[in-house]
Amino acid sequence: MNDPQKILYIAGLSKSFGKLQVLSDISFSVERGETICLLGPSGSGKSTLLRCINWLERPNAGRIYLNGSEIGVTGHGLVMKDSELSKLRTRMGMVFQHFALWPHLTVLQNVMEAPVQVQKRAKAEVEAEALALLAKVGLSDKRDVFPARLSGGQKQRVGIARALAMKPDVLLFDEPTSALDPELVGEVLLVMRALASEGMTMVIVTHEMAFARDVASRILFLDQGRLIESGTPADFFTRPQTERARLFIQRYAGVAAA
Amino acid sequence: MSLNDVLAILQGALATVTLSAIGILIGLPIGLGLALIRWARVPVLSGIVAVYVSVLRATPLVTLLLLLFFALPNIGIPLGPISAAILALTMNTSAFNCEVWRSSLVNFPKDQYEAAQSFGMQAGQRFRRIILPQIIHDSLPGLVNEMSLLIKVTPVLAVVGVVDITRAAVRIGAQTYEPLPPFLVAVAIYAPIVYALVALQRFIEKRRAAAEAST
Numbered sequence: 001m002n003d004p005q006k007i008l009y010i011a012g013l014s015k016s017f018g019k020l021q022v023l024s025d026i027s028f029s030v031e032r033g034e035t036i037c038l039l040g041p042s043g044s045g046k047s048t049l050l051r052c053i054n055w056l057e058r059p060n061a062g063r064i065y066l067n068g069s070e071i072g073v074t075g076h077g078l079v080m081k082d083s084e085l086s087k088l089r090t091r092m093g094m095v096f097q098h099f100a101l102w103p104h105l106t107v108l109q110n111v112m113e114a115p116v117q118v119q120k121r122a123k124a125e126v127e128a129e130a131l132a133l134l135a136k137v138g139l140s141d142k143r144d145v146f147p148a149r150l151s152g153g154q155k156q157r158v159g160i161a162r163a164l165a166m167k168p169d170v171l172l173f174d175e176p177t178s179a180l181d182p183e184l185v186g187e188v189l190l191v192m193r194a195l196a197s198e199g200m201t202m203v204i205v206t207h208e209m210a211f212a213r214d215v216a217s218r219i220l221f222l223d224q225g226r227l228i229e230s231g232t233p234a235d236f237f238t239r240p241q242t243e244r245a246r247l248f249i250q251r252y253a254g255v256a257a258a
Numbered sequence: 001m002s003l004n005d006v007l008a009i010l011q012g013a014l015a016t017v018t019l020s021a022i023g024i025l026i027g028l029p030i031g032l033g034l035a036l037i038r039w040a041r042v043p044v045l046s047g048i049v050a051v052y053v054s055v056l057r058a059t060p061l062v063t064l065l066l067l068l069f070f071a072l073p074n075i076g077i078p079l080g081p082i083s084a085a086i087l088a089l090t091m092n093t094s095a096f097n098c099e100v101w102r103s104s105l106v107n108f109p110k111d112q113y114e115a116a117q118s119f120g121m122q123a124g125q126r127f128r129r130i131i132l133p134q135i136i137h138d139s140l141p142g143l144v145n146e147m148s149l150l151i152k153v154t155p156v157l158a159v160v161g162v163v164d165i166t167r168a169a170v171r172i173g174a175q176t177y178e179p180l181p182p183f184l185v186a187v188a189i190y191a192p193i194v195y196a197l198v199a200l201q202r203f204i205e206k207r208r209a210a211a212e213a214s215t
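Sequence lines, in order, name chains A and B. Counting from 1, position 81 in the first sequence corresponds to residue 81 in full-length UniProt numbering; the numbering is continuous, with no gaps. Counting from 1, position 34 in the second sequence corresponds to residue 34 in full-length UniProt numbering; the numbering is continuous, with no gaps.
Warning: the hint list may mix true and false statements.
Below, computed lysine to aspartate or glutamate pairings styled on DMTMM-like, alpha-carbon distance capped at 20 Å [stated by the list, open to error]:
id: 1; chain 1: A; residue 1: 136; chain 2: A; residue 2: 125
id: 2; chain 1: B; residue 1: 110; chain 2: A; residue 2: 175
id: 3; chain 1: A; residue 1: 142; chain 2: B; residue 2: 178
id: 4; chain 1: A; residue 1: 87; chain 2: A; residue 2: 169
It is worth saying that the hints were derived from the structure and are not from the lab. Since we're looking at a predicted model, the values are computed, not measured.
Build out the structure end to end from the sequences listed, making use of the hints.
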């Protein structure tokens, strides 16, 4: 797990909400530059897995390492303090299904908030970078607008710029296009494709099968809280190993064909 | 009714405004603190706050005031009428403010809070940078409403001898046997005090709306 190529290393991760076992014994690792797509039926635990990685949900068992540092648990096996956890979280950017922009801040302020307030970086330097990021997601003209004035697709692109502004080691996407009108999905996926081709390390929970097939370097398939398949998109979509995955692909292929 | 009488009522107004302002200024942050204790479900304290708020919301201000004024000296804590008045106003308004703040906190969108968490903000930063600026605006109408109610219950402070607007008017009416003029003056003074508060609230709301519309 000190392999410098491995940005994320997850071993034996389990999570339950009361009696409901949501994740059982999940293990995988993510290498630098990989685009991982987490697929699976609703309720299979994809989002919970993503939220466990940065400890928005506290796992019941298992270990998570980011670049060799264990997340959530100190060297003495104790649960981390807010301050220690916060430091590790700045190295992971998260993009939310419902954007979760801060409505009292302008677009530019949203992007600059964490680098300036959390990472304590110089404002002028952060502003220059933030403007470059807004240009990258095609929203330079919206810098001084409040989020309420943006479309869903624009909000999510700001969400991505905000996550990139911290220069994270890995980006976590929690169904980034699920809350969007169909005609707005494309503009967000376009930005994500560009990031993948630039070599950004990403873990993406999604239902966009075409995107996963084209962009993912690896597909992880979850069913009922278990990681039951892991492979390249070509293998996963053409030669699924399990019946569950086969049915899942079939159902989506049916939707795509119709 | 002489000029001196008007001045006496104005002096009462000074007492009303000063005591209300002190009660509001102390009661606002205390109310917020109490709300945060309940919102964060701080063990033990949260339960104590819940009882404090329920008891104070159920206790008439005049009863609370008399209790403090007569009971505290009995157990060795000497308390003048002004101190008793300030303490009673603060305790009363903090309980009501607590509930206004708390409703904003409870309704605060969870995903915005989680975004702040996932971007590495610690509890203090999350509160100062993300939550507080938004709940202030959300709570403002409820808080101003509570402030105006507080100003209008200040006449009960007369039971411990504080001479406020109404008490001053009563005195003058009793001396001159003409109660109508002093009470008209009293009513005329309450209105601008409360209006000033509401105007302040409108100003804050408009400033924010203008900031959001300007882009």
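These are the hints, each one checked on the structure:
Proximity of residue 136(A) to residue 125(A) is assessed by CA-CA distance (about 17 Å); at most 20 Å being required, the pair is judged to hold. Among the hinted pairs, residue 110(B) with residue 175(A) is consistent with the structure: their alpha-carbon atoms are about 17 Å apart, no more than 20 Å. For the hint linking residue 142(A) to residue 178(B), the alpha-carbon distance of about 66 Å lies beyond 20 Å, and the restraint is violated. For the suggested pair residue 87(A) and residue 169(A), the alpha carbons sit about 13 Å apart, so the restraint of at most 20 Å is met.
Checked against the numbered hints above, the structure violates only hint 3.
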